[in-house]
Amino acid sequence: MIDPAYVTQILINGVLMGLLYSLVALGLALIFGVMDIINFAHGDFVMLGAYLTFLIATYFLIDPTVTIALTVPLFFLLGIAVYKAIIKPVLGAEPLIQIAVTVGLLMFLRNLALAIFHAEPRGVPYTVFSTPITIGPITIPLSRAAAGAVSLAVLYIVHLLLTRTRWGIAVRATADDREAAALMGINVERVYYTTFGLGTALTALAAALIMTFSRADPYLGLLYGLLSWVIVAMGGLGGVVGVLASGLILGIIESFGMSLISAGARELFLYVTFLVVLWVRPRGLFGRR
Amino acid sequence: MPALELKEVYAGYGEFRVLHGVTIEVGKGEIVALVGPNGAGKTTTLRTIMGMTTLYSGDILLNGNSIRRLPTHKRVELGLTMVPEGRRLFNHLTVYENLVAGALTRKAKEKLSDSLEFVFTLFPRLKERRNQLAGTLSGGEAQMLAIGRALMSRPSILLLDEPSLGLAPKLVIAIFDTVRRLRDEAGVTMLLVEQHVKHSLEIADRGYVMELGKIVLRGEARSLLTDERLRRAYLII
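Top line first, the protein sequences correspond to chains A and B.
First residue of the first sequence? That's 1360 in the numbering used here, and the numbers climb one at a time after it.
First residue of the second sequence? That's 3 in the numbering used here, and the numbers climb one at a time after it.
Don't take every hint at face value.
As the list claims (entries may be wrong) - Interface residues of chain A toward chain B, partial, derived using beta-carbon atoms under 10 Å:
id, residue
1, 1417
2, 1454
3, 1533
4, 1535
5, 1536
6, 1543
7, 1549
8, 1552
9, 1619
It is worth saying that the hints were derived from the structure and are not from the lab.
We treat Cβ as the ideally placed atom computed from N, Cα and C, and that holds for glycine.
Using the sequences and the hints, build the whole thing.
Structure below.
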């Protein structure tokens, strides 16, 4: 007989991780939705953000969450620089060329991390979120609860940005029809680089949250990159709501899979979910093209 | 000085040359019709004015100033807008959001509420459907929105590419009536590309006939309507 408290515990773990996964994937979904380009280096921006968080938090002996004041604006600028230097020249090019360019960036970042930090994981010296919250038989690490809550808040803010602001309307119009957007006086180029900047800045935010309960290692990009592509394929074109729904589904499935079947098969559950979704709904859960 | 002037324009798409020395003048407050068979280069002419083609030589003047080096969105800021062929609405945005998307330039932003009122007075149907997704509109409503969205940028010159395409005959008449009213009541200058040669010359002040990337005939709309060559080619079928 399965204990209901245990099931609730697994479900809560899954929901909290799902919220964080949605935040990680949001940037990729924005970039893909607007520019029609898959950034394979997205997960490695998370990895880069994790190391930067580690370095700043260690140097100043501050909480990893405080570092976002520095890392998020820095990553916004980094995103713009990466867009201008390597993405812009391949927009509209053959998919294979686009893949080669962003996979190249992935390789560069991953090997850079390996060369500097070697394969040894690095954790932050301390975080205020280390204590768990206990409610009856259920225990929630404060770091995971905070990560989930912040993720949800940021998803909501980005949703408001996209639906309630002029910038958001320009972004969505460009995603729908870039030529018509230009004809309406929208500066498509600015939409592109601000979207890429925001998408990259979100990875720095997610990385700080991840560092409150996990450690930085050169292969962090593998997991978070895969997660993000799966979420975008499942629901990325359904806007923030699609990303949130897909992230939650993945988080919950992963949590149950790891708790009830095998904790070591994390990526397996992601892949299987992905394949099942693509099999049942080839255009994704919120597919529109 | 003409509001818009094309001087010996040679343009196309990369290596594919379409326009071979096109000269067109559009005066302030005029409707100028650009007619001709399919593939003559009418759409390319409009796209060239908006900066969406390769311009090999020649010049485009807006109120006497060359705009040939400006990107599309800068041209819109200067008062040019185009209603593209096939409407090209933002289908996943609501009617209201489509209209806001048409008014994102600095100048248009300040006049947003005025412009909305103007468009809703012109097309009351759009006001009823303001919260509906543009992709769910009927053909006639979609064309109203395409024109309304273009008007939101407060253009001094409006380029219309086949606004009556795919509409029922009754709606075709309504669209031509709207175009005429925009000139007579709002003073909008327009360059109109149309398949309906007779209808467009009837509301236009002047007309140009285009064939194989060149202007072959030009003149007062009234005199073109009675031109024997043109009548034989387009009007009497």
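How the hints compare with the structure:
1. 1417: Check failed: Cβ of residue 1417 of chain A comes no nearer than 44 Å to chain B, outside 10 Å.
2. 1454: Check failed: Cβ of residue 1454 of chain A comes no nearer than 21 Å to chain B, outside 10 Å.
3. 1533: 9 Å, holds
4. 1535: Given a least distance of 4 Å, the restraint on residue 1535 of chain A holds.
5. 1536: 5 Å, holds
6. 1543: With a closest approach of 5 Å, the residue 1543 of chain A hint holds.
7. 1549: 9 Å, holds
8. 1552: 14 Å, violated
9. 1619: Interface hint status for residue 1619 of chain A: violated (39 Å vs cutoff 10 Å).
Hint compliance for this structure: hints 1, 2, 8 and 9 are broken, all remaining hints hold.
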